[in-house]
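Engineer: Chain residues, written in single-letter form:
2 protein chains.
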Amino acid sequence: MEELVGLREGSSGKPVTLPELWGPCPRVRRGIRGGLEWLKQRLFCVGEDWYFLMALGVLMALISYTMNFAIGRVVRAHKWLYKEVGDGHLLRYLSWTVYPVALLSFSSGFSQSITPFSGGSGLPELKTMLSGVILEDYLDIKNFGAKVVGLSCTLATGSTIFLGKVGPFVHLSVMISAYLGHVRTKTMGESNSKAKELEMLTAAAAVGVATVFAAPFSGVLFSIEVMSSHFSVWNYWRGFFAATCGAFMFRLLSVFNSEQETITSIYKTSFRVDVPFDLPEIFFFVALGAICGVLSCVYLFCQRTFVRFIKTNRYTSKLLATSKPLYSALAALVLASITYPPGVGRFMASRLSMKEHLDTLFDNNSWALMTRNSSPPWPMEPDPQNLWFEWYHPRFTIFGTLAFFLVMKVALSFSCLFPIPHLISFALWTLLSLAMPGPWPELPHLGFGPAGAAAFSGAVTHSISTALLAFELTGQIVHALPVLMAVLAANAVSQNCQPSFYDGTIMAKKLPYLPWIRGRKLGSYPVIVEHFMNRTITTLAKDMPLEEVAKVVTSTDVIQYPLVESTESQTLVGTVEKTHLVQALQTVTPGQQSCLQDILTDGCPTQPVTLQLSPETSLYQTHNLFELLTLQSLFVTSRGRAVGSVSWVELKKAISTLINPPAPK
Amino acid sequence: MEELVGLREGSSGKPVTLPELWGPCPRVRRGIRGGLEWLKQRLFCVGEDWYFLMALGVLMALISYTMNFAIGRVVRAHKWLYKEVGDGHLLRYLSWTVYPVALLSFSSGFSQSITPFSGGSGLPELKTMLSGVILEDYLDIKNFGAKVVGLSCTLATGSTIFLGKVGPFVHLSVMISAYLGHVRTKTMGESNSKAKELEMLTAAAAVGVATVFAAPFSGVLFSIEVMSSHFSVWNYWRGFFAATCGAFMFRLLSVFNSEQETITSIYKTSFRVDVPFDLPEIFFFVALGAICGVLSCVYLFCQRTFVRFIKTNRYTSKLLATSKPLYSALAALVLASITYPPGVGRFMASRLSMKEHLDTLFDNNSWALMTRNSSPPWPMEPDPQNLWFEWYHPRFTIFGTLAFFLVMKVALSFSCLFPIPHLISFALWTLLSLAMPGPWPELPHLGFGPAGAAAFSGAVTHSISTALLAFELTGQIVHALPVLMAVLAANAVSQNCQPSFYDGTIMAKKLPYLPWIRGRKLGSYPVIVEHFMNRTITTLAKDMPLEEVAKVVTSTDVIQYPLVESTESQTLVGTVEKTHLVQALQTVTPGQQSCLQDILTDGCPTQPVTLQLSPETSLYQTHNLFELLTLQSLFVTSRGRAVGSVSWVELKKAISTLINPPAPK
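Heads up: the protein sequence lines correspond to chains A and B, in order.
All residue numbers for the first sequence refer to UniProt numbering, where the first residue is 1 and numbers rise by one.
All residue numbers for the second sequence refer to UniProt numbering, where the first residue is 1 and numbers rise by one.
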């Protein structure tokens, strides 16, 4: 049906529809419509990227907050159950253990049944993706659901199982960002550019950290140092914007929920400001940092060995492959039995939740002094005013409980194949600083407890942002220099001895990666592309008969072929994709004698070669190019002739030959 | 003289010298020598880069501290003179003005006579250098002396002339690093690699900031965001290490000099920690941030206009060109007259030194409340306990003095062609937050004074690190979120409207630079190299007769020529430098008929082409390549033939055509 139109009185313009003509206040409505149009233009000229980043931050903050909230409730219910169940040891034991066993086996069964990618930290895979490798399905949105449920259930087991939250959250955030990107591509009809996608992933990594700890600065630094070897300042802006939105929203929610009066740091501390530390303490900071570095090397080594053992051992590998939920349930049962408070759990403060553990370790009272003269009895319930007292045992002393806690937790995190959480590093630092026979026994935790978390987790992940994280969490930055020095010392030790946790996992999982040319070894300079390029490339010449092309296509397994002018000249003119070639070959009527040139002119698409190496390009330069532009492979031409190709495989081999030269014969 | 040797008893090894044989404790000495040798090997296997970075940090810290110390003494002497000179107005006026006039004219005369490069901030030039352009002599060590003397004298004028210290210090640090690099190249005999040099310069920029403010984190962030458009994580480590060494040394010196008990933040503050700000205040933070952004745009615009006026105006340009010391002396006289305390200086707290200004503006007392009911008389001397009182004037009120201070200081910094110091931004924020008619009149300075400095100077320089700097300076980071949001708001406004201070200066000084493709405009994608490359390249063919080569060499003015296989095929085989060609041509006996190939085989060196573009490479990809690899120019080949070249000039033209498309005819 056509609409009726009319002309406005006195106007000679275009006709308008009757409903509009006869509606009330035509001018006002027109004005509003014009205003909205103008606003839309204004808003869109900013670039929808920024709305996208804001949406990402807000979404992640909502997810993080909701998850925290739900977990808190489940943990509280567990505590209530444990308290109410009475004094019978069997009931108590059951109420303590059934909860985590059920949660953990459900969590691992649920995520396993949906997708195998949702387990683990996820960061090593992300690192590989950001260097340009495409891991199919890894960022699929169905992984998201599995990971959220799995993570929530695991964290809801309370103090039984400790899980680092950063890795999973970064993975979640990246998945959300990839999904939003898909939605955008569909609705806006833009073509999906890979560069843009990678940018968004980097920003999403920053958001992941920022929404766990409400720490935008360290989120961005983390995404700089862990995620890639080169960083574009353009990403830096996006990262800051998205991380700030996320962190603000995350803290705002807790204010709205009346948990807090206003937006503050998560673990507010009150260390001395006037004289935060004595000058000689700096040396202890550095020494403890170095010790943390050594311990992190030991940890990394043990972790890798243990993972290898689990995967190669006959029983465990079978159990893991066939029935992961059963393995999880068994592990949970063992862990819960160990942490059962009236039993061994007594010696590892297992009545405290993860947050309470952190709160007590951030404490700035001198435990050594406070427990020197008195030995109060063990309270039936943790005393909310003196939670730290859970760490104390009259015969075992604080040293004993801390050391026992550390050993057990590290062993447990191994057995669950989980990454180590920051919490363990706090305990480590507390123990070290208490044990340090310094001339300052009255100083609690060597001034600044979070320094240990920064040093140890910095050493494990090869990063410095953990130092900044310690300040953002506590709201005090007066210890900037000593903590930074401790982190640097820890990193100096661990970077020289072990690959980082992420790199180690990448190697163990055999994901593709490009080794770093460490310290710009001068030895790498004289090596040129000619020495290591792959010389056996299959070129397709334009004057090749089609049968031969078909033979080549069926006998080789590459994605794209270099296209050369003629078999004789071998002058590179472009590339042609295998799928296109196969399609084109299928439409050719058989028996017709023709050459490749014909199907190219018939419309088989070719791509130009936009960048090419020379045989004289140095290894160093090639490595740089691959890293900076996140390339997969490049063709090598000499005077226009295609003479070879270089891909990650060749580069990696060349670099490893440089680092470990083959024994001379 | 040959040394006498002997054999050790019972040994069948190599003979040793007699003094060694007969010296005491041969074993111990051998052990020590072996140990030292081992230590040396150990130490050198770390890579001497780290020692170099440490030396850089320590040197800069020494320079920074010594300069501060000397300046402090000179300023104190000036104050003493002004106090002792009596009540006569003429004498007082003279003692107030002669000092800065003498210092400033000496400073500008001294540095002018040594080198013209030592003036100004130096950062714009550094930015250009880090993008790969070589500015001859700009990092020469004699500039260093001139800059140190000039800077010290200017800063020693006290509150009369305000100078941003960051820019000059970064320049100084980079000069030291370049000099150390030269020394190293000479002593170690290594070849000087450009990539390594640029890395060191970036680390040096971080050291520059860290040794002024003792703020390693923001130093590194500053070097990330201001110095280049891409950042290698490798540099990040170096930056942190060097900046930490510098900041630690800088603060250590002030402890050794008994100025402080231990290492703490420079401007310690004590804002409330429990409830650092009320939630609604965040909106004011963001709003004030946006206002700061708008004001920074105004400032940047005025500054550029003023510089252009000074340079084009007949009188001033003549004065500046012929007698800069005179100009400086005149400017200093005017400034000193204006700041003369009993005169107009009364209204701008000119009796305070720059450090005292900062101290008072960091104050967290509510000035508005404290001056509401009382109006004490103006003290003869500034009261050390209540320095802020200098800002108060009974009739002018605090608003008046602050506004007057702001206007005057901005105008003055224009007239001296100096960059604006952070101090002005503090005053701006204080004024804005006092003037904000909010429902919280009892809150001092809207919670956190340094936020203003962060927002305004962040907007002027287009950086976020200023936010982190505010926390490192004050030692409190509880305001992380609101300050970050204010800085982001300020940046959002200023980045959309004006180029940053550094970019503006680069444009005004007509330094070479590569425009940024803002927001990855999609319009830039379809443009390919073929559309904008320089097609008129002069190639030298191997079969060219020498006369023709000589003609080409004398008639063109390029540094290197593309070398092609033959005039007909134009297949690119390498490049040859003009200087080498000229040398080789001079040795050829004239009259002898030969071609270019002959002198090449005679030993005229050629370089291989390691990277080449195709005509189909996109503008976006080319831009990325140039930025990432800091290239100057690349040759374009099509099927091996050299068909053109692309350099910064072409890229810039192509990008500006995209941004401002030519009007269709």
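Don't read these hints as lab results, they were simulated from the structure.
Check the hints yourself; a few may be wrong.
No farther apart than 27 Å at their CA atoms in a straight line, the calculated lysine-lysine pairs in the DSS-like style are these [to be verified]: (1) A:K194 to B:K652; (2) A:K268 to B:K268; (3) A:K194 to A:K551; (4) B:K194 to A:K196; (5) A:K196 to B:K268; (6) A:K311 to A:K551; (7) A:K142 to A:K194; (8) A:K652 to B:K653; (9) A:K652 to B:K268.
Here are a few chain A residues that sit away from chain B, every Cβ distance over 12 Å (derived from the structure) [as the list claims (entries may be wrong)]: (10) T97; (11) L468; (12) A584.
Quick partial rundown of chain A residues pointing at chain B, CB under 8 Å, derived from the structure [unchecked claim]: (13) F231; (14) G504; (15) T617; (16) L629.
The C-beta atom is built at its ideal place from N, Cα and C for all residues, glycine as well.
Engineer: It remains to establish, for every hint, whether it holds in the given structure.
Structural biologist: Results for each hint:
{"no.": "1", "hint": "A:K194 to B:K652", "result": "holds (25 Å)"}
{"no.": "2", "hint": "A:K268 to B:K268", "result": "holds (18 Å)"}
{"no.": "3", "hint": "A:K194 to A:K551", "result": "violated (33 Å)"}
{"no.": "4", "hint": "B:K194 to A:K196", "result": "violated (30 Å)"}
{"no.": "5", "hint": "A:K196 to B:K268", "result": "violated (42 Å)"}
{"no.": "6", "hint": "A:K311 to A:K551", "result": "violated (41 Å)"}
{"no.": "7", "hint": "A:K142 to A:K194", "result": "holds (22 Å)"}
{"no.": "8", "hint": "A:K652 to B:K653", "result": "violated (39 Å)"}
{"no.": "9", "hint": "A:K652 to B:K268", "result": "violated (50 Å)"}
{"no.": "10", "hint": "T97", "result": "holds (40 Å)"}
{"no.": "11", "hint": "L468", "result": "violated (6 Å)"}
{"no.": "12", "hint": "A584", "result": "holds (21 Å)"}
{"no.": "13", "hint": "F231", "result": "holds (5 Å)"}
{"no.": "14", "hint": "G504", "result": "violated (18 Å)"}
{"no.": "15", "hint": "T617", "result": "holds (4 Å)"}
{"no.": "16", "hint": "L629", "result": "holds (7 Å)"}
Checked against the numbered hints listed earlier, the structure breaks hints 3, 4, 5, 6, 8, 9, 11, 14; every other hint is satisfied.
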